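So the protein lines, in turn, are chains L and V.
Sequential numbering from 79 applies to the first sequence in the numbering used here.
Sequential numbering from 14 applies to the second sequence in the numbering used here.
FYI, nobody ran anything at the bench for these hints, they're computed from the structure.
Just so you know, these numbers come straight off a predicted model, no measurement behind them.
Virtual Cβ for every residue (Gly too), placed ideally from N, Cα, C.
Each hint should be verified, as a subset may be incorrect.
Each computed DSSO-like pair below joins lysine-lysine, with the alpha-carbon atoms no more than 27 Å apart [claimed, not checked]:
1. L:K163 - V:K237
2. L:K173 - L:K288
3. L:K382 - L:K331
4. L:K146 - V:K237
5. V:K237 - L:K169
Just a few of them, taken from the derived set where beta-carbon distance is under 8 Å, the chain V residues facing chain L [to be verified]:
6. Q238
7. Y239
8. K246
9. L248
10. Y257
11. R260
12. D335
13. P336
14. R337
Here are the in silico distance ranges between beta carbons for each label pair [as the list claims (entries may be wrong)]:
15. V:Y251 - L:K163: 20 to 26 Å
16. L:N144 - V:E203: 56 to 62 Å
17. V:M14 - L:G168: 39 to 45 Å
18. L:E290 - V:F25: 56 to 62 Å
19. V:I338 - L:D282: 32 to 38 Å
20. L:A170 - V:K256: 20 to 26 Å
21. V:L81 - L:K233: 55 to 61 Å
22. V:I170 - L:G168: 45 to 51 Å
23. V:I338 - L:K212: 27 to 33 Å
24. L:V213 - V:G222: 44 to 50 Å
25. L:S243 - V:V35: 42 to 48 Å
26. V:L155 - L:L369: 43 to 49 Å
27. L:A170 - V:I19: 50 to 56 Å
28. V:I338 - L:Q391: 52 to 58 Å
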Amino acid sequence: MNTIDTILQMKDLTIDIKIDEGTLNVVRGVQLDIKRNETLGLVGESGCGKSLTSKSILGINNKKCNSKGEILFQLNPEKSVDMLKLNPNGKAIKKIRGKEISMIFQEPLVAFSPLYTIGNQINECTRLHVTKDKVKSKALSIEMMEKVGIANASKRYDQYPHEFSGGMLQRAMIAMSLVSGPKLLIADEPTTALDVTIQAQILDLMNNLKKEMGMSILFITHDLGTVAKMCDRVAVMYLGKIVELAPVRSLYKTPLHPYTNGLLGSVHRIGTSREKRLYSIEGTVPLALNLPKGCGFYDRCPKKIKGICNQKQPELREKSEGHFVACFACEHEEAKHE
Amino acid sequence: MLKYTIKRIFLFIPTVLIISFVIFFIIQLPEGDFVSSYVARMQAEGEVFTAQDVADLRTQYGIDQPWLVQYFNWMEKIITKGDFGYSFAYARPVWSVIMDRLVLTIIVSLTILIFTYLVSIPIGLYSALHQYSVGDYFFTALGFLGMATPNFLLAIILMYVSFKWTGDPLLGLFSTEMLQEGVHLYNFGEFLQRMIIPTIVIGTAGTAGIIRTVRGQMLDEQTKQYTLTARAKGLPEYVIVYKYCLRAVLNPVASGLAKALSNIFSGSTISAIVMNLSIQGPVLYAALKSQDMYLAGTILLVQAVLVVIGTLLSDLALAWLDPRIRFDRKG
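Go ahead and model the full structure; you've got the sequences and the hints to work with.
Below you can see the structure in the form of structure tokens.
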């Protein structure tokens, strides 16, 4: 693979959190790359480490989190930087945050400070990363607000977050994160807190802007419906590990990992009879403390093979083109077919 | 905003009237009156009073009437003539007794107020930004000590220390010479020197409280989502702290303004007595003890008015700090 086509590459990323009871291994060896102009979905249940993974790219995790491994960001065709090596309070990382890599968050209602106008907070980003010229930057900020579909932008520029609706705030958030023309946008469940019609609008908006501005998106969600609409490739994360990575069509058509199967089975489809119960994965996610040496999904897995799955960690293997899975049972089945 | 302010000022009048009524009612509640406590004191010193003498005294002071009549007479004079009545103990109009100490009280209290904010806000911020550092623990321990130690005890300790070191306990705000010659530029330095102990003593309790508030609030703000957003967009840490967090942190400090303003007037009573400060607090204390009702009533009334004004000011400050509290904006 040509590295220029890859904008971000995570190599063996691990994140530990030290707590009184011991060390939580929240992220355990994530390998992931995001290509130019690609939307990569990162899917998983709450607490599987997807948010921490994304925040570690920008180095904005809590001080208690200890990240190891490499996150290589292709700053320009000649140069890539390891984001984990940069001082989280240093100048170098601040030139990347918000300029090269932007992030939007789950809850737009609390993501803005209530004390300053929306315009002030967007313009802050413009002045920091685009132009110091007061008049130009204000014009640019308002233009960006119009672009994300905020009607009457020059008036709304002077309004406070509590005068905006959730959907409008998320639009403003997108305006703020895109005003500097970033190469990568990290969207951490950007539509979870919004109602369904607004969700669709925001997703359309993100797709259009992505095409227009030419950037990559790391799209974090637990909603598989959104993934189908947004993503080119999907990585499924379970207990701090990528268990399956595939092009979006391939994943929906032939999900390999039992966990992915479970996730897809728990999505309600119109047309299925009412009596048919939604599939639910049994059990709960184990706490990432003193993890078993086998597969993290072992206890909940319908296909588990005793003696193999609880003894070793499965590695990601390519099954068909671009479709990777980490599962012993899948390999076993394959062997039977042959 | 203006409309709101005007509305608040109009509400001010009934509020103060009700407070004045309650104050007067409570002051006259205890058994006896100024005359009976005065007579008791005199009798203890061997004076002889007949029942007629006592009744005459009562008529003279105008306290032979029912308390409601007394109250309305008092209020009428305040409203029509600005006359707050007569202090029995000082044998002077109440207002002149208050004015005696007003300037000094304001100087002392304002100094303490400024000292409190100047010391506590930076320390609180430092403690929050360096949580669990040696400095944080040091100031936290000091703050708790300050909060737990009664002011008068601290006053006595500091006066003792000062006496041991300099041979002068720095009692009171003026030296004997200053009392004779008055305060001039050449001895102003000494006056300032004498302010040190009262400022530290009365200031520490409030300081400790505000340090805790500021520290807690700052730590809270640091974990909020908007701080993360600000960090993610590449803002330098000092902008996050001073532009975003600090403004939110000042919110509870501004709420405390109401109380601070009335404290300026009354001063700290017990500490003032211990340190022999000629400020308003001890006067109120003595007036309540001797049932000098108009003096006590007036001091309490002025305090109440200051609380009401302070509340208005702190509400305005809050509205300035936080746009969500602004009233006449259409959303």
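Consistency of the hints with the structure:
no.: 1; hint: L:K163 - V:K237; in the structure: 26 Å, holds
no.: 2; hint: L:K173 - L:K288; in the structure: 21 Å, holds
no.: 3; hint: L:K382 - L:K331; in the structure: 22 Å, holds
no.: 4; hint: L:K146 - V:K237; in the structure: 25 Å, holds
no.: 5; hint: V:K237 - L:K169; in the structure: 23 Å, holds
no.: 6; hint: Q238; in the structure: 4 Å, holds
no.: 7; hint: Y239; in the structure: 4 Å, holds
no.: 8; hint: K246; in the structure: 4 Å, holds
no.: 9; hint: L248; in the structure: 7 Å, holds
no.: 10; hint: Y257; in the structure: 5 Å, holds
no.: 11; hint: R260; in the structure: 5 Å, holds
no.: 12; hint: D335; in the structure: 6 Å, holds
no.: 13; hint: P336; in the structure: 5 Å, holds
no.: 14; hint: R337; in the structure: 5 Å, holds
no.: 15; hint: V:Y251 - L:K163: 20 to 26 Å; in the structure: 24 Å, holds
no.: 16; hint: L:N144 - V:E203: 56 to 62 Å; in the structure: 58 Å, holds
no.: 17; hint: V:M14 - L:G168: 39 to 45 Å; in the structure: 43 Å, holds
no.: 18; hint: L:E290 - V:F25: 56 to 62 Å; in the structure: 58 Å, holds
no.: 19; hint: V:I338 - L:D282: 32 to 38 Å; in the structure: 36 Å, holds
no.: 20; hint: L:A170 - V:K256: 20 to 26 Å; in the structure: 22 Å, holds
no.: 21; hint: V:L81 - L:K233: 55 to 61 Å; in the structure: 58 Å, holds
no.: 22; hint: V:I170 - L:G168: 45 to 51 Å; in the structure: 48 Å, holds
no.: 23; hint: V:I338 - L:K212: 27 to 33 Å; in the structure: 29 Å, holds
no.: 24; hint: L:V213 - V:G222: 44 to 50 Å; in the structure: 46 Å, holds
no.: 25; hint: L:S243 - V:V35: 42 to 48 Å; in the structure: 46 Å, holds
no.: 26; hint: V:L155 - L:L369: 43 to 49 Å; in the structure: 44 Å, holds
no.: 27; hint: L:A170 - V:I19: 50 to 56 Å; in the structure: 54 Å, holds
no.: 28; hint: V:I338 - L:Q391: 52 to 58 Å; in the structure: 54 Å, holds
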